[in-house]
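Peer 1: The primary structure of each chain is shown beneath.
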Amino acid sequence: MKKISILLGLLIVIAFLAGCGQKEIQDTDKSATQPPSGQETSDMDPLIQGEIDNSLVDDKEIDIGTPY
Amino acid sequence: MKNFFLISVMMLFAVTFAIAENDTGDNPAGQAIGNITLVQNAGAENNNTATNEEIQEVQNDAIDDETSKESEIISESNFGAKVRLLELRKSAVKSRIYAEEIIKILSGKGQTVAELQGITEEMKLIETELKTFGEGANFSAEHFVEIKRDLKELNKEFRDIAGKNLTSGDKKKLQDSLKNNTELSGLQDDIHLVLKNLNAERVGKILKKMNKTDENLTEEIRNGNVSKDQVKNKLKDIFGKLGDKEKEKVKEAVKEKNDKRIQLRNKIAEKIRLENVLVRKERYLERVKLLKSQAAVDRVNRQIELLNRVQNKLSIKDEQLSNQRAQLQMEIDKSEGELKNEDAGNRNSPSGSGGGKK
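So the sequences go chain by chain: A and B.
Residues in the first sequence are numbered from 515 upward in steps of one, following our numbering.
Residues in the second sequence are numbered from 1012 upward in steps of one, following our numbering.
Simulated pairs of lysine-lysine, DSS-like, Cα-Cα distance not exceeding 30 Å:
{"hint": "1", "chain 1": "B", "residue 1": "Lys1262", "chain 2": "A", "residue 2": "Lys574"}
{"hint": "2", "chain 1": "B", "residue 1": "Lys1183", "chain 2": "A", "residue 2": "Lys574"}
{"hint": "3", "chain 1": "B", "residue 1": "Lys1190", "chain 2": "A", "residue 2": "Lys574"}
{"hint": "4", "chain 1": "B", "residue 1": "Lys1271", "chain 2": "A", "residue 2": "Lys574"}
{"hint": "5", "chain 1": "B", "residue 1": "Lys1243", "chain 2": "A", "residue 2": "Lys574"}
{"hint": "6", "chain 1": "B", "residue 1": "Lys1247", "chain 2": "A", "residue 2": "Lys574"}
{"hint": "7", "chain 1": "B", "residue 1": "Lys1182", "chain 2": "A", "residue 2": "Lys574"}
{"hint": "8", "chain 1": "A", "residue 1": "Lys574", "chain 2": "B", "residue 2": "Lys1278"}
{"hint": "9", "chain 1": "A", "residue 1": "Lys574", "chain 2": "B", "residue 2": "Lys1184"}
{"hint": "10", "chain 1": "B", "residue 1": "Lys1268", "chain 2": "A", "residue 2": "Lys574"}
{"hint": "11", "chain 1": "B", "residue 1": "Lys1216", "chain 2": "A", "residue 2": "Lys574"}
{"hint": "12", "chain 1": "A", "residue 1": "Lys574", "chain 2": "B", "residue 2": "Lys1135"}
{"hint": "13", "chain 1": "A", "residue 1": "Lys574", "chain 2": "B", "residue 2": "Lys1142"}
{"hint": "14", "chain 1": "B", "residue 1": "Lys1245", "chain 2": "A", "residue 2": "Lys574"}
{"hint": "15", "chain 1": "A", "residue 1": "Lys574", "chain 2": "B", "residue 2": "Lys1163"}
{"hint": "16", "chain 1": "A", "residue 1": "Lys574", "chain 2": "B", "residue 2": "Lys1266"}
{"hint": "17", "chain 1": "B", "residue 1": "Lys1292", "chain 2": "A", "residue 2": "Lys574"}
{"hint": "18", "chain 1": "A", "residue 1": "Lys574", "chain 2": "B", "residue 2": "Lys1167"}
{"hint": "19", "chain 1": "B", "residue 1": "Lys1219", "chain 2": "A", "residue 2": "Lys574"}
{"hint": "20", "chain 1": "B", "residue 1": "Lys1080", "chain 2": "A", "residue 2": "Lys574"}
{"hint": "21", "chain 1": "B", "residue 1": "Lys1239", "chain 2": "A", "residue 2": "Lys574"}
{"hint": "22", "chain 1": "B", "residue 1": "Lys1207", "chain 2": "A", "residue 2": "Lys574"}
If you are wondering where the hints come from, they were derived from the structure by calculation, not from laboratory data.
Looking at chain A on its own, in the form it has when it is part of the complex (with noise of 0.2 Å):
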């Protein structure tokens, strides 16, 4: 009985750490197809919206401080 209950708690936690590595590799997942935020969402397809939205490319300071 003692060792069921070993048995049982061992597996709780195996299945908590894989679940908690599934969650991270979900969200990075979506980080990579999801829209930049503050963009116009409609009914179309989150990817493609996002590729539509992400196509053009804006001017970009590159930022790299300033010397004073």
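Place chain B on chain A using the hints.
Peer 2: Only chain B this time, still in chain A's reference frame:
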């Protein structure tokens, strides 16, 4: 049988725990760079080895997320490389103008500026280095990351020395020093021109995924006659009119390209982290040969000394890295080739906007 199962589960738990422990980066026995683990030299600390703080300082500034994203379009096309090259040049020129102005102000107050002159000399050498990339054909994401880091560091050192001696009136004068600067306005014009070509090229790629072409639209973008919103709406219209099967194909193509792009970005970041210490040292060794100011030579020599100590501590050997660098470079070249080739037909068509990077 029960005992065997129990032991198996416990072993699995121990392995999981060990992996989690290793991921925290607190492992005192080794430092992970890319896929390899560099075992720290055993034995007492001495002057030839860096402290853990120094190692962290060198490794942590290898590449950040923002820089990684910025460098993404460099691998995408020649226009992407050129636009980032010009933007970085613009930032470098701005910093150098500020630095020269600050030196004038502080000299006028009778302060010593030798060290600041040395830093400015280094800034100028980096500007020259950026100019050697010309049209951007050989400008890589790795160049962008390393040069950006270098400029940031020089600005910080300059700021640490000069910042406290400047009044708010001086700072106002500095902002005025950029006004009507022809070098900056020339660079800005170049950036706008390349951006138009880059955007026409990117829209051409999206249209190609939808199996469409619209030479008028790409031409209008190239000429700057159409707004960003107009382009987006046009693309959405075109996509909306596609059939379900076609939409599904477009989604698959977009997903595939995004996956490749993320993989490429990760590989480039991994290579940069892997060779960070060696590449930086090589650049400093080249620079120190060109510097005239003793203050700048001393500064760069201090950096070289630090990198030597980090290298000693991490036992980084050229030969140890060479195979991995070569392997990663092969993978990067392959991924870049795939990303560029996917619209090769578009670039060769009359509506195409130029060749890929050489």
